[in-house]
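Residue numbers (our numbering), protein chains in the order written: chain A, 1 to 298; chain B, 299 to 416; chain C, 417 to 675.
Please keep in mind that the hints were generated in silico from the structure rather than gathered at the bench.
Hints are supplied without guarantee of correctness; some may be wrong.
Quick list of the computed label-pair ranges, beta carbon to beta carbon [said to hold, decoys possible]:
id, chain 1, residue 1, chain 2, residue 2, range
1, A, G42, C, L620, 33 to 43 Å
2, B, R390, A, E180, 16 to 26 Å
3, A, A115, B, P391, 55 to 65 Å
4, A, A238, B, I410, 40 to 50 Å
Glycine included, C-beta positions come from ideal geometry on N, C-alpha and C.
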Amino acid sequence: MTGTPVIQVDGLTKRFGQVTAVNNVTLSVTENKIYGLLGRNGAGKTTLMQLLTGQEFATSGSIRVWGEHPVENAHVLSRVSFIKESQKYPDDFKVKHVFRSAPWFFAGWDADFAARLIEDFRVPLDRRVKKLSRGQLSAIGVIAGLASRAPITFFDEPYLGLDAVARQTFYDRLLADYAEYPRTVILSTHLIDEVSALLEHVLVIDEGRILIDEDAETLRGSATTIVGARAAVDGFVADRDVLHRSGLGGLSTVTVTGLSESDRAAAAAAGLELAPVSLQQLVVDRTSGIPTELEQSA
Amino acid sequence: MDESRPIFVQIAEQIKNDILAGRMAEESQVPSTNEFAAFYRINPATALKGVGRLVEEGILYKKRGIGMFVAPGARQRLITQRREQFQAEYLRPLLAEASKLGISSQQLAEMIAKEGVR
Amino acid sequence: MSTPSITHRAETTGAFARILSVVRLQLVNPWTIVIWPWIIMGIIFIANLVIWWILSLSLGPEVIASEASGGGGVEINGGSLYIFIYMMVVAIMAMNLTFSFALGFGATRRDFYLGSALTFVLLSAMYAVALAILAAAEKATDGWGLNGHIFRAVYFGDGGFLANLWIFFVLFLFFFFVGAVIATVFVRWKATGVTILACVVALLLVGVAALIGLTNNWGTFAGFFVHWGFLGSYTWSLVITAIAALAGFFILRRATPRG
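Assemble the whole structure, with the sequences as input and the hints as a guide.
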């Protein structure tokens with residue numbers, strides 16, 4: 001099941017002066033899947049989403065959303081929802097003005113759903129947006145993103161300032177509504193452990209480059225940490241793709257990818273201990289830049 | 299959900315356990331993938347993959363337009379399957395370890411009898 | 417892929433609907449754009465009335481009458497000017513923060529600009545009609561019975577209802593679109609851009625003044641206004657308004673909503 005691609009990006013680069021925020025990115029987004037766009041702060045997540053929604057202009061490369069340029073394309077943008085984490089609101093706006101105007105821009109806006117979400121997140125409708133707490137501001141973005149039911153919905157770090165209960169509410173409402181109204185969701189986050197089970201596909205971006213573009217289930221359990229005596233571990237991982245290495249005395253801990261069943265048996269036979277690596281740990285290992293340094297010094 | 303294995307495998311196992319334990323009777327309808335997704339807080343596609351795996355194995359079957367049902371004879375097949383697994387995953391390592399320690403078949407049988415099977 | 421082309425056609429006919437959505441967005445909080453300006457206007461008006469009344473009590477109505485109509489000493493007529501400046505600020509806010517917000521809701525820059533421009537034209541018309549009616553009422557009641565001048569300030573001339581209506585209208589357009597172009601410069605190039613814009617405009621004005629002065633053409637310059645009169649001179653502001661409106665459009669088309 002490959003599905004219809006809704007976004008196709010080819011060789012996309014965005015530079016701000018000397019800084020390359022998005023660096024030669026090529027990827028494709030399939031219809032009606034939930035994507036996780038994972039990466040550290042400043043990795044290029046927001047810039048990439050701004051490019052995909054025509055809010056930023058690309059330096060080079062091509063973007064196709066439903067086969068068309070998104071920039072200044074009402075046909076595309078009217079079906080895209082992107083309330084970014086740093087979204088600005090008009091100074092005089094109260095919360096109710098945000099939700100009063102939303103249906104004029106989103107054909108699929110569900111006012112009843114929005115009203116339920118407003119209750120769930122306890123957002124004060126009569127308060128000025130300027131006066132809201134960080135969490136309430138995030139809640140507005142979450143509500144607008146969910147209730148817009150846009151065929152492509154972007155959530156940019158949607159949980160900032162939300163407490164654990166509100167975050168869980170967001171994940172639950174997202175899943176339930178997605179199940180009922182399938183759509184393409186792109187969720188940027190660095191709270192990977194919390195959302196990893198929601199994702200069908202994972203994109204990891206680091207320093208503007210896509211490091212991982214993989215099915216979430218394939219990725220899960222794709223890396224294993226091996227613990228044991230330094231010599232035994234080093235022997236076992238000699239020709240393998242090493243993600244992370246650390247050691248303590250004669251003990252060595254190495255994270256590798258792509259272990260087969262027979263590899264596991266061999267490791268166990270060699271007296272090595274195997275431990276699973278979570279998606280979050282995998283992303284940390286891939287984006288921390290430590291393995292290459294160590295490998296060079298080793 | 300534990301992080302080490304694909305979630306769909308864990309979902310499939312969870313359903314199998316429910317059938318084995320009799321919590322899901324044969325010919326009864328199982329929850330929809332969306333219900334599984336909401337309950338376990340996982341992506342519906344993942345739940346579908348887990349359920350799909352059980353359809354392939356003949357544990358569940360699909361009634362068009364209605365939903366998924368536990369196949370007749372599913373429980374028995376699962377028991378057979380688990381017994382084979384038991385032999386491979388528990389018994390053989392047990393015997394291997396026993397021979398390493400010089401425990402004879404006779405002594406092993408006595409040890410098992412002493413522990414007793416509940 | 418045949419279905420997208422069908423929806424495409426349906427949505428292209430919705431271009432005006434999308435522009436109207438932006439108009440509605442700009443007007444969603446009527447307090448800022450309609451209600452507050454009139455409350456402030458009302459307060460200024462009442463304050464002026466009170467001052468005129470006190471003055472008429474202490475000095476006698478004849479003194480006020482002669483001084484007010486002569487444009488001397490105690491005349492207070494800045495009241496109606498405030499509303500133009502207020503609308504310039506409204507335009508700056510509408511183009512800056514609302515821009516970022518509208519793009520978050522999937523509006524295009526084009527639809528946003530056209531919708532905002534349409535809002536400005538509608539507001540200009542509404543305020544012009546209201547002010548022209550108030551000016552006519554002021555005239556009919558002999559300055560609210562106190563010979564006051566607030567809606568017929570000298571700088572508007574007083575060429576009758578239609579002339580007032582037109583002058584108010586082009587003046588509102590001027591302030592809205594000058595505000596808009598300042599805001600688009602800010603959105604695109606931030607404070608640096610606005611500073612440079614201010615310097616360029618100041619240099620241009622000084623340059624023009626120097627040119628007129630050096631060529632001894634102040635007479636011709638003044639003659640321009642004499643020739644065109646109040647009505648004609650104000651109408652010429654439409655040239656600047658149009659330049660500002662067009663510049664605003666092209667500046668915003670390449671602007672990005674950044675934090």
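Right, here's what the structure says about each hint:
1. A:G42 <-> C:L620: 33 to 43 Å: Since the Cβ atoms of A:G42 and C:L620 sit about 41 Å apart, the hinted range of 33 to 43 Å holds.
2. B:R390 <-> A:E180: 16 to 26 Å: violated, 48 Å
3. A:A115 <-> B:P391: 55 to 65 Å: Between A:A115 and B:P391, where Cβ atoms are some 59 Å apart, the hint holds.
4. A:A238 <-> B:I410: 40 to 50 Å: holds, 43 Å
Checked against the numbered hints above, the structure breaks only hint 2 and satisfies the rest.
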